[in-house]
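Student: Read left to right, the sequence shown gives residues 1 to 265 (UniProt numbering).
Treat the hints loosely; a few may be bogus.
Straight-line Cα separation of at most 35 Å, DSBU-like style, residue types lysine-lysine; simulated pairs [as the list claims (entries may be wrong)]:
(1) K93 to K115
(2) K15 to K241
(3) K26 to K189
(4) K167 to K123
Derived from the structure by calculation, the hints contain no laboratory data.
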Amino acid sequence: MAKAAKSQSKIIEKKRVEHILITQPKPESDKSPYYDLAKKHNVALEFYPFIRVEGLNAKEFRKQKLDLAEFPAVILVSRNAVDHFFRICEEMKFKVSQDMKYFCATEAVALYLQKFILYRKRKVFFSPDGTSEGLVDVLMKYKDRERFMLPVSENTKNDLSPLLIEKGFNFSEAVLYRTVSNDVDSVLKKEYDVIVFFSPFSVDTLFHNDPKYKQNGTLIGAFGHTTSKAVEDAGLKLAIKAPAPNAPSMVAALDKLLAETNKEK
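Required output: the full structure, derived from the provided sequences and hints.
Tutor: Take a look at the structure:
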């Protein structure tokens, strides 16, 4: 992880927010809550993915010596995990059982499963608060009954595996995809009041493209514990953190921030 100057960790005074950079692809749907947020608070949102995901092929997967048929349950922490789980099953010519159980990090990930399966509540479960701890609580009921597959990225850490190990779950990580940095130099030349990150690798990408990056009053947001830690380890001041009890999503966290920074005086 790239290190930034410790002086950047000073408390940053909150100012009116007008321009926000979301380090993810632009939503496919016009009904995205991000657009409702922009309209509600009269702010400009720019979407630019700092990273891209590349899938491992069947040959690379076979080297892991995992038998898909041995896993009656799968833990899915993101849409990428969903996409690449079903992709590798197709490439391996493995027919997913209708009895497969799906445990998802968030309700949004669970609903995304409808793209691939007939959604049945007795087969699909998710963390009620969007946290890894909440997901583990859901998983505990099935701890002694199931062997779980956890699709992960080749080169990014997840905060779920340590919890599963601590609780004694029978699970195996399956590396199905890898994360690659995008060229974001042109984006970083612009000025933003807020930059929001969704993975530690995105924070790495920031400093890979601009090793001398200075926060200079920009508010930084992070989704997930590992992303928040990456932001702080880089010497940046974290102003927006999700999920949280009062902000289960990044949209909710931004809404809370904007209600404070952009309120009429």
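Student: Does the structure keep K167 and K123 at a Cα separation of 35 Å or less?
Tutor: Roughly 22 Å separates the two Cα atoms, so the pair holds.
Student: Tell me if the straight-line CA distance from K93 to K115 falls inside 35 Å.
Tutor: Holds: K93 and K115 sit about 19 Å apart, inside 35 Å.
Student: When you check the alpha-carbon spacing of K26 and K189, does it fall within 35 Å?
Tutor: 19 Å, holds
Student: Sort out whether K241 lies within 35 Å of K15, counting only the CA atoms.
Tutor: Holds, at about 17 Å.
Figure legend: structure checked against the earlier numbered hints; every hint is met.
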